[in-house]
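The residues making up each chain are set out below.
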Amino acid sequence: MDIRFSGVSKIFYPDITALEDVYLEIPKGEFVYLVGPTGSGKTTLLRCITREVAPTRGQITVGSFSLRKISRVDLSIFRRDIGIIFQDFCLLPHLNVFENVAFVLEVLGAPPREVKERTGEILDQVNLWRRRNLYPPQLSGGEQQRVAVARAIVNSPSVLLADEPTGNLDLHTAEEIMQLIMSINALGTTVIMATHNQYLVDAFRQRVIGIRAGRVVRDEKRGRYSLDGEL
Amino acid sequence: MGSFKYALRDGTRLILRHWGLAFLTVITSMAVFYLIGASVLLVLNTRHIVNVLEGELSIQAYLAPNADYDAAARAVASVNHVTRVVIITQDMALERLRQRLPDRADVLTLLGENPLPSSLEVSIDRADSVESVVNALAAIPLINDIVYAGNLAEKLSKFSRFAGQFSLAMLFVAVTASAVVLFNTIRIAVYSKEEEIGIMLMVGATPTFVAMPFVLQGIILGGVGSLGASVFLALSYNGIITRLKDLIPFLPLLDRSTVVFELGVILVGAGATVSLIASLVAVETFTRRAMKPL
Ligand SMILES: Nc1ncnc2c1ncn2[C@@H]1O[C@H](COP(=O)(O)OP(=O)(O)OP(=O)(O)O)[C@@H](O)[C@H]1O
Ligand SMILES: [Mg+2]
Chain Z
25 MDIRFSGVSK IFYPDITALE DVYLEIPKGE FVYLVGPTGS GKTTLLRCIT REVAPTRGQI
85 TVGSFSLRKI SRVDLSIFRR DIGIIFQDFC LLPHLNVFEN VAFVLEVLGA PPREVKERTG
145 EILDQVNLWR RRNLYPPQLS GGEQQRVAVA RAIVNSPSVL LADEPTGNLD LHTAEEIMQL
205 IMSINALGTT VIMATHNQYL VDAFRQRVIG IRAGRVVRDE KRGRYSLDGE L
Chain A
30 MGSFKYALRD GTRLILRHWG LAFLTVITSM AVFYLIGASV LLVLNTRHIV NVLEGELSIQ
90 AYLAPNADYD AAARAVASVN HVTRVVIITQ DMALERLRQR LPDRADVLTL LGENPLPSSL
150 EVSIDRADSV ESVVNALAAI PLINDIVYAG NLAEKLSKFS RFAGQFSLAM LFVAVTASAV
210 VLFNTIRIAV YSKEEEIGIM LMVGATPTFV AMPFVLQGII LGGVGSLGAS VFLALSYNGI
270 ITRLKDLIPF LPLLDRSTVV FELGVILVGA GATVSLIASL VAVETFTRRA MKPL
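Just so you know, the sequences run in chain order Z and A. The first sequence begins at 25 in our numbering and counts up one residue at a time. The second sequence begins at 30 in our numbering and counts up one residue at a time.
Think of the hints as simulated: they come from the structure by calculation, not from any bench. Hints may be right or wrong, so weigh each one.
A short, non-exhaustive set of chain A residues, derived as facing chain Z with CB atoms under 7 Å [stated by the list, open to error]:
no.	residue
1	35
2	225
3	233
4	235
Cβ-Cβ distance ranges computed for the label pairs, FRET-style [as the list claims (entries may be wrong)]:
no.	chain 1	residue 1	chain 2	residue 2	range
5	A	224	Z	237	29 to 37 Å
6	Z	119	A	261	35 to 43 Å
7	A	190	Z	37	55 to 63 Å
For each residue, glycine too, the CB sits at the ideal point set by N, CA and C.
Please work from the sequences and hints to get the whole structure.
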């Protein structure tokens, strides 16, 4: 699904401008880093794609969906094709690791056997199979992060939105997660990853979109984390 | 059908998780539906009694000596609420008396010329029109005297009408009360899973899918409550009716098993419907708000 922003602005009540006049084209299958100082609007941009946030001005289309006027049922159908790694994980504390991942598939009405198989597979991939019966509060930050990744990719979405997916990981684990996300991308999933991780951005070179104070200030095909030492 | 299985699993989990609340909700809806059922039974029974009494209700209008039967009958038949007029001639009256006193034929022959007056047997449609019919009959000059069974039936019929209205009002209050209790219980359950619902909606669960466990929870609670109410109602109605039959043997009460069974079916149906609506409203308002973008 191609993602297109045209003239998108978001002003939070009363007068916080989180995005300003953003034009973007992200073709299907692309890998994009979203970089910028804290508070620059990265999370807000991602939340516009999931329609948690409605732009004050401008249009967003994702594939055949125009997000301005979308019915509730269409929105659900649309969201099934979007995997999200939230900046703060958003794991459910009273479900164990397995259930946290499995319930994404249950929501889609997948038969129990398939849910079990697929969840097992993905937990294996993120090295959490042995932790499957633990609850999120019993996990380390990095383990929680991996559960969040597993949940986002378990139903092989067309678009993966990753908000700081390596925030709590040591370099080694961060690289592993990164490899995982890139392998998903190699299968055709569009990935938009907001990150402050300079090492990763510079090691795995991809398209970089830089935003400052809600504006897109640079967009490079094979960019680096910072330009002239500035974000 | 996977979705339904998940909904059933999550619905029962919800009940177990909030078992205290579930228990209170069941008790409340049980009490409410018991009240509804009891007042319906009261109404049905007074209606029934009134109907039976009405069927037996007739006014005797004694005619003046030598009055023209047919003219009198025509006059009476034209009175409002009169459904049937039967002419009882002097001879018929005597014959009836003879039948009533079969072994006293001798006494009757002693009477000589027939001293019994001719009369009209007037049937009317409703118990509470007795008074007006009697007044109208009194105004007919051919009629000498009027005898009727007093206004017991009329009072009963008024009571029955009042009972009907009262229980309708009760019904309304009770259904509203149980709907509110169910609504609140479901809403508490919804809020306890606020986070989970939020994430479910983010990963593409439809509002219907999200609502199902809660609606099931509501239907189970409301259904169990009204079912319990029906069972208690059947037990207590049987007890009361046997007691009453001993006390007032001639009181025409409704046959027990079928009436209570039908009422039970209706109560459970009503309970399930009320809880379906209450829980749907509770979840829907929530998901609607949760899906609204910032
Ligand atoms: N719901 C909201 N209401 C009001 N202001 C908001 C809301 N969400 C975000 N903002 C504001 O919008 C701006 C952009 O926030 P956003 O979360 O998009 O930044 P970010 O780039 O993701 O930052 P970080 O790198 O720290 O995650 C901030 O100034 C923030 O305070
Ligand atoms: Mg952010």
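Cross-check of the supplied hints:
1. Taken as an interface hint, residue 35 of chain A checks out: its beta carbon lies about 5 Å from the nearest beta carbon of chain Z, inside 7 Å.
2. A least Cβ separation of about 5 Å between residue 225 of chain A and chain Z falls short of the 7 Å threshold, and the interface hint therefore holds.
3. For the restraint placing residue 233 of chain A at the interface with chain Z, the shortest Cβ-Cβ distance is roughly 3 Å, inside the 7 Å limit, so the hint holds.
4. Below 7 Å, beta-carbon pairs count as interface contacts, and residue 235 of chain A has one with chain Z at about 4 Å; its hint therefore holds.
5. Checking the proposed 29 to 37 Å range against residue 224 of chain A and residue 237 of chain Z shows it holds: the Cβ atoms sit about 31 Å from each other.
6. A hinted range of 35 to 43 Å holds for the C-beta pair residue 119 of chain Z and residue 261 of chain A, which are about 39 Å apart.
7. A hinted range of 55 to 63 Å for the beta carbons of residue 190 of chain A and residue 37 of chain Z is consistent with their spacing of about 59 Å.
Checked against the numbered hints given earlier, the structure satisfies every one of them.
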